[in-house]
Amino acid sequence: MPKFLIWIAALAALIALPHGLSFSQQEILVFLTINVLLVASYRLLTLTGEWSLGHVVIMGVGAYSSALLTKKLGVYVPVSMLLGGVIAALIAVLLSFPLFRMKGFYFLIGSFAAGEIIRLLWKRFRDPFGGAKGIKGIDPMPDFSVGFYQFDFFEPTSYYYFAGVVVAVCLWILWRIEKSPVGLTFHAVHWQDKLAQASGVNVRAYRTLAFAIASGFAGISGALLAHYVGTINPNAFDIDLMVFVLTWAIVGGTATFYGPILGCVVLTVINEVVLRELGLEQMRPLIYGAIMILSILFLPNGLESIVQKLTKRRAAGGAPERSPAE
Amino acid sequence: MTDFLEVKDLTMRFGGLIAVDSLSFKVAHGSIHGLIGPNGAGKTTTFNMISGFYKPTSGQVLLRGEDISGLQMHEVARRGVVRTFQHSTLFAELTVLENALVGTHMPFRPNIFAAIIGWDKEDRSGAEARAKEALEFFGLDHVMQERAGDLSHGHQRALGMAVAYASHPDVILLDEPFTGMNPEETRQMMDLMKRLKADGITILIVEHDMQAIMGLCDNITCMSFGKFLAEGGPQEIRNHPAVIEAYLGGARHVA
Numbered sequence: 593m594p595k596f597l598i599w600i601a602a603l604a605a606l607i608a609l610p611h612g613l614s615f616s617q618q619e620i621l622v623f624l625t626i627n628v629l630l631v632a633s634y635r636l637l638t639l640t641g642e643w644s645l646g647h648v649v650i651m652g653v654g655a656y657s658s659a660l661l662t663k664k665l666g667v668y669v670p671v672s673m674l675l676g677g678v679i680a681a682l683i684a685v686l687l688s689f690p691l692f693r694m695k696g697f698y699f700l701i702g703s704f705a706a707g708e709i710i711r712l713l714w715k716r717f718r719d720p721f722g723g724a725k726g727i728k729g730i731d732p733m734p735d736f737s738v739g740f741y742q743f744d745f746f747e748p749t750s751y752y753y754f755a756g757v758v759v760a761v762c763l764w765i766l767w768r769i770e771k772s773p774v775g776l777t778f779h780a781v782h783w784q785d786k787l788a789q790a791s792g793v794n795v796r797a798y799r800t801l802a803f804a805i806a807s808g809f810a811g812i813s814g815a816l817l818a819h820y821v822g823t824i825n826p827n828a829f830d831i832d833l834m835v836f837v838l839t840w841a842i843v844g845g846t847a848t849f850y851g852p853i854l855g856c857v858v859l860t861v862i863n864e865v866v867l868r869e870l871g872l873e874q875m876r877p878l879i880y881g882a883i884m885i886l887s888i889l890f891l892p893n894g895l896e897s898i899v900q901k902l903t904k905r906r907a908a909g910g911a912p913e914r915s916p917a918e
Numbered sequence: 006m007t008d009f010l011e012v013k014d015l016t017m018r019f020g021g022l023i024a025v026d027s028l029s030f031k032v033a034h035g036s037i038h039g040l041i042g043p044n045g046a047g048k049t050t051t052f053n054m055i056s057g058f059y060k061p062t063s064g065q066v067l068l069r070g071e072d073i074s075g076l077q078m079h080e081v082a083r084r085g086v087v088r089t090f091q092h093s094t095l096f097a098e099l100t101v102l103e104n105a106l107v108g109t110h111m112p113f114r115p116n117i118f119a120a121i122i123g124w125d126k127e128d129r130s131g132a133e134a135r136a137k138e139a140l141e142f143f144g145l146d147h148v149m150q151e152r153a154g155d156l157s158h159g160h161q162r163a164l165g166m167a168v169a170y171a172s173h174p175d176v177i178l179l180d181e182p183f184t185g186m187n188p189e190e191t192r193q194m195m196d197l198m199k200r201l202k203a204d205g206i207t208i209l210i211v212e213h214d215m216q217a218i219m220g221l222c223d224n225i226t227c228m229s230f231g232k233f234l235a236e237g238g239p240q241e242i243r244n245h246p247a248v249i250e251a252y253l254g255g256a257r258h259v260a
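Sequences listed follow chains A and B, in order. So the first sequence is numbered by the numbering used here: it starts at 593 and just counts up by one. So the second sequence is numbered by the numbering used here: it starts at 6 and just counts up by one.
Hints were generated in silico from the structure; no laboratory data involved. Be aware that a few hints might be false.
To be verified - Straight-line distance between alpha carbons at most 25 Å, and here's what the computed SDA-like set of lysine to any residue pairs gives:
(1) B/Lys60 x A/Ala797
(2) B/Lys202 x B/Gln216
(3) B/Lys13 x B/Lys60
(4) A/Lys786 x B/Glu181
(5) A/Lys695 x B/Leu76
To be verified - If we take Cβ atoms under 10 Å as the criterion, some of the chain A residues that face chain B in the derived model are:
(6) Pro773
(7) Thr777
(8) Lys786
(9) Ala797
To be verified - Sample of chain A residues with no beta-carbon within 12 Å of chain B, all distances over it, derived:
(10) Ile701
(11) Pro732
(12) Glu869
(13) Lys901
We put the beta carbon where it would ideally sit given N, CA and C, even for glycine.
Make a model of the complete structure from these sequences and hints.
Structure, rendered in structure tokens:
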């Protein structure tokens, strides 16, 4: 079972990874883990063919919800994270009523407007959202011990393990959904919504479902972020971050499950390791823009197409591999 | 034969244009019914109103006595009326099998929670069996893993019907199924439709190909400029003076 061994090796590498990094790199690793969930959830939405510009704000909804639940109502932190995801999904269902009257480009712009409205509400209402300064002193994840390992959540390594487990579970659920008949229906809605409808698919309901699930997991990623950083404000969830999410998804490619994750990891590594070494991190937006344009020109199917080529070459000797239909 | 699908005073107005003007006809259960007429007669508009693609301006579509006009397309489909599309409207990026699996959406409704936990194995295998059955019926089982967009034109048309057939429909609405087919493919397609009829499926078919429609239909409704013109068996329609006039244009002396 070589595949099984590869998974074990990957798991061991992920567990060992933070111990070879500096403190600041460990912190970046935590953010990277959270962003992986953010971009993977974004892919579920793109399965139905809709691209949203409000995804990061929805992530913020999860962050604010979870933070407020712990601060005002004293909800236990892991539970509040889950509830943050649920609230983000519910907000998405509400937004779907006006937004899914639109398609394609109009949906894109509509989702941006909806996101800005939510952000302005956070800024406008000091109580309970704390206005432009946001919420400070969010309860951290309470420390606990699992016998062989003592979780101390002021240590990035501990939080990395915790977030890693949460993200892994979420990714597994997203993967199961995508590979299920529900996922197939999402594809059907994307490629030919009329034919899907003629087959009895309630297109509107499936669009809403994909939007709600994607938003729910974005909300969980936001909650993970809030309880790690301890402070959130409306500007943390602005269009800048959204552009990064789009860049990760486009550079990675959205045809496969791992494409956007690959894009997120590769670009973060480039950004944090290469640019920081060269002292160019201030030019991040410029360089991200250049990478995006270059990848659209020279790698239109994203980084995933390189992986597909490599795996195909290896499989060429054995059984003929079916190219993924996605 | 009982009245199964009935169109009553169906009217569609696009602004000032009356595309379909109080059209009425009945489709008997288990029959193949043709809807013909010259270009622009409003056949496809009628078709779109029956399938729920358009909401009629006035009039009714009755299925087993229930008014289904103005329902959404998926709601019409769930009542057993499934349509195909003109040209090759398919999920071109998906495989042939996946196309047919989408067709099984109604008999095997996916459940997201069961899918995550893995409690839908029976449904999945049932859907796959049904999809394969439909593909076999239309002679597509040998191209199951190919991309639908890579199929030949004839195969694509057959796949469009297989997707509709996979959902266990009572009525299949076929929108110009013979367009762009060579005589051999047309003949094969006609055989398949006869087999569908033998299966107890009612077929309503909009078509230009007179040869096919005359050889296939039990009953034919002819319309012209949005209005009902004539109805009857193939022989009657072929010799009907009004029909000949509509097609050949004021050639009364020929008839």
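Going through the hints against the structure:
For the suggested pair lysine 60 of chain B and alanine 797 of chain A, the alpha carbons sit about 20 Å apart, so the restraint of at most 25 Å is met. Distance restraint check for lysine 202 of chain B and glutamine 216 of chain B: the Cα-Cα separation of roughly 19 Å lies within the 25 Å cut-off, and the hinted pair is therefore satisfied. Distance restraint check for lysine 13 of chain B and lysine 60 of chain B: the Cα-Cα separation of roughly 14 Å lies within the 25 Å cut-off, and the hinted pair is therefore satisfied. The straight-line distance between the Cα atoms of lysine 786 of chain A and glutamate 181 of chain B is roughly 17 Å, inside the 25 Å bound, and the hint therefore holds.
Restraint check: the Cα-Cα separation between lysine 695 of chain A and leucine 76 of chain B comes to about 21 Å, which is no more than 25 Å; the hinted pair holds. At its closest, the beta carbon of proline 773 of chain A sits 4 Å from a beta carbon of chain B; the interface hint therefore holds under the 10 Å criterion. For threonine 777 of chain A, the interface hint holds, since its Cβ comes within 10 Å of a Cβ in chain B; the closest pair sits about 6 Å apart. Of the supplied interface hints, the one on lysine 786 of chain A holds, with its beta-carbon coming within about 7 Å of a beta-carbon of chain B, less than 10 Å.
Annotation: interface hint on alanine 797 of chain A holds; nearest CB of chain B at approximately 9 Å, less than 10 Å. Once the 12 Å rule is applied to beta carbons, isoleucine 701 of chain A is consistent with being away from chain B; the minimum gap is 26 Å. At the 12 Å boundary, the C-beta of proline 732 of chain A stays outside the reach of chain B, the nearest C-beta of that chain being 30 Å off. With a minimum CB-CB distance of about 41 Å to chain B, glutamate 869 of chain A clears the 12 Å threshold, and the non-interface call stands.
For lysine 901 of chain A, the non-interface assignment is confirmed: its Cβ lies about 18 Å from the closest Cβ of chain B, beyond the 12 Å cut-off.
Hint compliance for this structure: no hint is broken.
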